[in-house]
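**Student:** Letter by letter, the chains look like this.
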Amino acid sequence: MKLVTAVIKPHKWEEVREALAAAGVAGMTVTEASGYGQQKGHTEVYRGAEYDVSLVPKIRLEVVVDDADVESVVATITSSAQTGKIGDGKVWVIPVDSVVRVRTGETNEAAL
Amino acid sequence: MGVTADLDLARRRADRALEADRRLRQLFAAASPAQGDDPREGSGLALVAVGGYGRSELSPFSDLDVVLLHDPSMDESVVREVAEAIWYPLWNDGVALDHSVRDVIQMRQAAATDHRAAMGMLDARPVAGDSGLVMSLRSQVLADWRRDARTRVEEVREARAARIERAGWLAHSAVPDLKESGGGLRDSVMLRALVATWLIDVPHGESETLRSELLDVRDALHETVGRRTERLDAEVIPDVARLLGMGAEELDLHTRHVGRRIAHLASLAWRKVDDALEPITRKGAFTSRGPLVTVLDDGVGVLDREVIVTKDADPSTDPELALRAASAAARAGLPLSPGSARRLATTMGELPDPWSPSATRHLVDLLTAGPGLLRVWDELDFAGVVDRLLPEWAPIRLRGSSSPVHRFTVDRHSLEACVNAAGLKRDVARPDLLAVAGLLHDIGKGVAGADHSVAGEPMAVEIATRWGFGVEDAAAIGKLVRWHLLLPTTATRRDIEDPSTAANVAEIVGTEDFLDLLSALTASDARATSPTAWSGWRQGLVEGLVTKVREVLDDSVPTPDATTYEGWPAHVPIPVWGTTGPSDFTLTVESHQGGSLLTIVTANRPGVMADLAGGLALAGLAIRSARTVTLGDAAVSLWEVTRADVDPARLGDRLRPAMAGELDLSGRLELSSIPDAPDARVRLLGRVTETATAIEVRAHDRRGLVWTVCDRIASLGLSIRSAHMSTYGEEVRDVFYVVDADGQRLDDVTAETLREGVATSLA
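Heads up: the sequence lines are chains A and B, in that order. For what it's worth, the working numbering labels the leading residue of the first sequence as 130, then goes sequentially. For what it's worth, the working numbering labels the leading residue of the second sequence as 2, then goes sequentially.
No lab work stands behind these hints: they were computed from the structure. Each residue gets a CB set at the ideal place from its N, CA and C atoms; glycine is no exception. Worth double-checking, as some hints may not be accurate.
To be verified - Cut-off 20 Å, straight-line C-alpha distance, at most; resulting in silico cross-link-like pairs (EDC-like, lysine to aspartate or glutamate):
1) A/K138 - A/E161
2) A/K219 - A/E161
3) B/K273 - B/E250
4) B/K312 - B/D366
5) A/K214 - B/E82
6) B/K273 - B/E82
7) A/K214 - B/E85
8) B/K180 - B/E156
9) A/K219 - B/D94
10) A/K138 - B/E85
11) A/K138 - A/D226
12) A/K219 - A/E144
13) A/K214 - B/D94
14) B/K273 - B/D366
15) B/K180 - B/D64
16) B/K426 - B/D354
17) A/K131 - A/D226
18) A/K214 - B/E77
Claimed, not checked - Label pairs and their in silico Cβ distance ranges:
19) A/V222 - B/E207: 21 to 27 Å
20) A/E144 - B/D16: 43 to 49 Å
21) B/A86 - A/D196: 26 to 32 Å
22) B/V196 - A/I223: 18 to 24 Å
23) B/D452 - A/A162: 37 to 43 Å
24) B/E77 - A/D196: 45 to 51 Å
25) A/D196 - B/R161: 44 to 50 Å
26) B/D16 - A/D196: 46 to 52 Å
27) B/G246 - A/S227: 55 to 61 Å
28) A/R189 - B/E544: 49 to 55 Å
29) B/T152 - A/R189: 41 to 47 Å
30) A/E144 - B/P649: 36 to 42 Å
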């Protein structure tokens, strides 16, 4: 199993959610986040003080998926979140040792 | 001193800038709209290098500071298109870009409201496009800067003060920040900005040369570390030095000398700024024969808020003049004129050996002046006067401390200790001896390979004698230097409740007056080291020890019998204990000297201290000290821990499984190996107490260390009466007082077995 984490632009969230639903991903954890990358939070045509780094609002979503589904989930997120502009974000994948569904006690793949 | 010629790092910086220019011009040419024969001139659009890039000073991992400047009338959608066409390829190439897009009006507004933007624009350089637009903007920004100089320099001064408060001084910080420290690269650029106001001037050649030398060090640091950093850590210095063709120590001193000189230039510049901004009506009066000097002492006066040597004074026949001028300046809180300091250094005659009483008195006045001492001593040192008064200062000048606890270089630390000592002069009978000892306490650190306290004693005696102190006073100063670490070392590593401890210290100290001096010197030294060196806990321990030593010296309190001491302070009540099981315990927590004091009552069984130490380690609590006493079936232990907000219920839950033997403590607290850390050193201490064997452990700090030692002691059937922990950076020095099954000192064979066993456990 893998934890897929993505940090994306807030206005792309609905599109990503619908794309993931269509791909069979029913649930995920979503948090409001802020951050910056290579562009230091500046927009393309920037009119601020060049010495400051700005934190830009983002959406962070996390979903645990079966190993077999990782590639398609990453591709779905990437394609639906992309605008081609700076600040599109990143997706990364880390291994998960075990998962439990709290309501039923089901574990691992049965809990997904 | 300088970089090896074949490196020419300045040229490499310029070459990087040229390469960046070339790339930006390519991108600009591809992106910008073409007009007529020459698409770049008169287009109303330009790429501008500012800041370090504007000065063509690009270090290996510098950002490119670039502005896309446009005429206000230009269509914003066109500007945006050009910006994207330039920025995106650079981002895709991984270039560290610090970019903005502004029209000329917005640039002036940014410069008007942010002094950092203004200072960056003072170095603005056209890279591509309409160079006329750039030069026009630069002229306007410069004119604005000069017109508003009075307010702008105050912004710069305030920002500088805040920056130095955060980053310290390059010359004196244990880990200097080449950019942000006082005397660092930002200070050097600040000098350019101050000169640009036209209020003042500074020696251009020297200032630019110094910045170039500091940039060389930074470039080598970037190359060595492989990323952008400004901190010259001790562990990277050898590799950086190798790159520059220097020795490690040579590089460290060279960098600090450069930083000290830049800081000095900055200090002189700010004094000139203040002088330039001073209303003419408040400046010093003039007579027909020149400016009116306010006389402070013979040959010493004040002119324009600086202490000077008057023109009729003759340092060659009056060698005490340097001391008079310095003490007058320090006591008045005024700077010593650099010109006067240089004059003293080059013309002052030799002081007699020993000094006259008046010279000694002026020296003491200087050293007891408080904070005013620092910049006066700096000025004297810069000019070379200190080398005349104290040649022994040279080996400790700008020398880094070997201990990670110290935040200053040795020379600065000594001066700070002296300043601190001035604040305690009413606590001692002889503030003069305290002040001199404060200055000289680390003079032995200039002697390679020696214990600096031991090496420093004869040096201090010789210096004090030369300075005119009598035989007894010089011996007292030497003794203060020799024993300046006695109180903090003993207080943190010995059981101060053991009567033997205070007795041993009292034997060395001898008198209450000397105890007062040593106590004041301890506080002055510790405060000049770092905040943690004089924490509430340490201060409490030292003061507790001093109280007990004083009781021994003045016989005011009957001294407990050292041969019957069982390790429990007489004044601490022992809790009542009822019948209970082997793993049960009671726990009370109280706030104590910045941390917490845990009183734990358990069954008296082998290994209980180890189990408690293990439980506390798993609960994440760092132990400062521990002691225990057994009362029949019960054992009562006191644990000092560093954390202040210990929740007794939560801690009890964490200790319970450890006490019940339900945890695999050896597995969970297995010592991690630290690469390159030296082996632990375990030794038996001499007869520090009559009633226990003291064993000292010095090792790299790791979780589980205390448990490991306690467990080994318990495995040999021995008991811990008390334990005293000290941490210095990554190093711990723990002392355990151990007794046998009968509660007695160990015999020599058992003691040696213990030592070997502990050393093996820590290997």
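**Student:** Compare the structure with each hint and give your call.
**Tutor:** How the hints compare with the structure:
1. A/K138 - A/E161: Holds: A/K138 and A/E161 sit about 10 Å apart, inside 20 Å.
2. A/K219 - A/E161: holds (15 Å)
3. B/K273 - B/E250: violated (35 Å)
4. B/K312 - B/D366: violated (24 Å)
5. A/K214 - B/E82: Cα-Cα ~13 Å, so holds.
6. B/K273 - B/E82: Cα-Cα ~48 Å, so violated.
7. A/K214 - B/E85: holds (9 Å)
8. B/K180 - B/E156: Cα-Cα ~19 Å, so holds.
9. A/K219 - B/D94: holds (17 Å)
10. A/K138 - B/E85: holds (19 Å)
11. A/K138 - A/D226: violated (29 Å)
12. A/K219 - A/E144: It holds: about 16 Å lies between the C-alpha atoms, which stays within 20 Å.
13. A/K214 - B/D94: holds (15 Å)
14. B/K273 - B/D366: violated (28 Å)
15. B/K180 - B/D64: Within the cut-off at roughly 14 Å; holds.
16. B/K426 - B/D354: Since the Cα atoms of B/K426 and B/D354 sit roughly 27 Å apart, the hinted pair is violated (cutoff 20 Å).
17. A/K131 - A/D226: Holds - the C-alpha atoms of A/D226 and A/K131 are around 8 Å apart, at most 20 Å.
18. A/K214 - B/E77: The given pair, whose Cα atoms are some 18 Å apart, holds under the 20 Å limit.
19. A/V222 - B/E207: 21 to 27 Å: violated (56 Å)
20. A/E144 - B/D16: 43 to 49 Å: holds (47 Å)
21. B/A86 - A/D196: 26 to 32 Å: violated (42 Å)
22. B/V196 - A/I223: 18 to 24 Å: Distance hint for B/V196, A/I223 is violated at roughly 54 Å.
23. B/D452 - A/A162: 37 to 43 Å: violated (55 Å)
24. B/E77 - A/D196: 45 to 51 Å: Hint holds: Cβ distance 49 Å, inside 45 to 51 Å.
25. A/D196 - B/R161: 44 to 50 Å: This hint is violated: roughly 56 Å between Cβ atoms.
26. B/D16 - A/D196: 46 to 52 Å: holds (50 Å)
27. B/G246 - A/S227: 55 to 61 Å: For A/S227 against B/G246, whose Cβ atoms are near 56 Å apart, the range 55 to 61 Å holds.
28. A/R189 - B/E544: 49 to 55 Å: With a Cβ separation near 52 Å, A/R189 and B/E544 satisfy 49 to 55 Å, so the hint holds.
29. B/T152 - A/R189: 41 to 47 Å: holds (44 Å)
30. A/E144 - B/P649: 36 to 42 Å: violated (53 Å)
Hint compliance for this structure: hints 3, 4, 6, 11, 14, 16, 19, 21, 22, 23, 25 and 30 are broken, all remaining hints hold.
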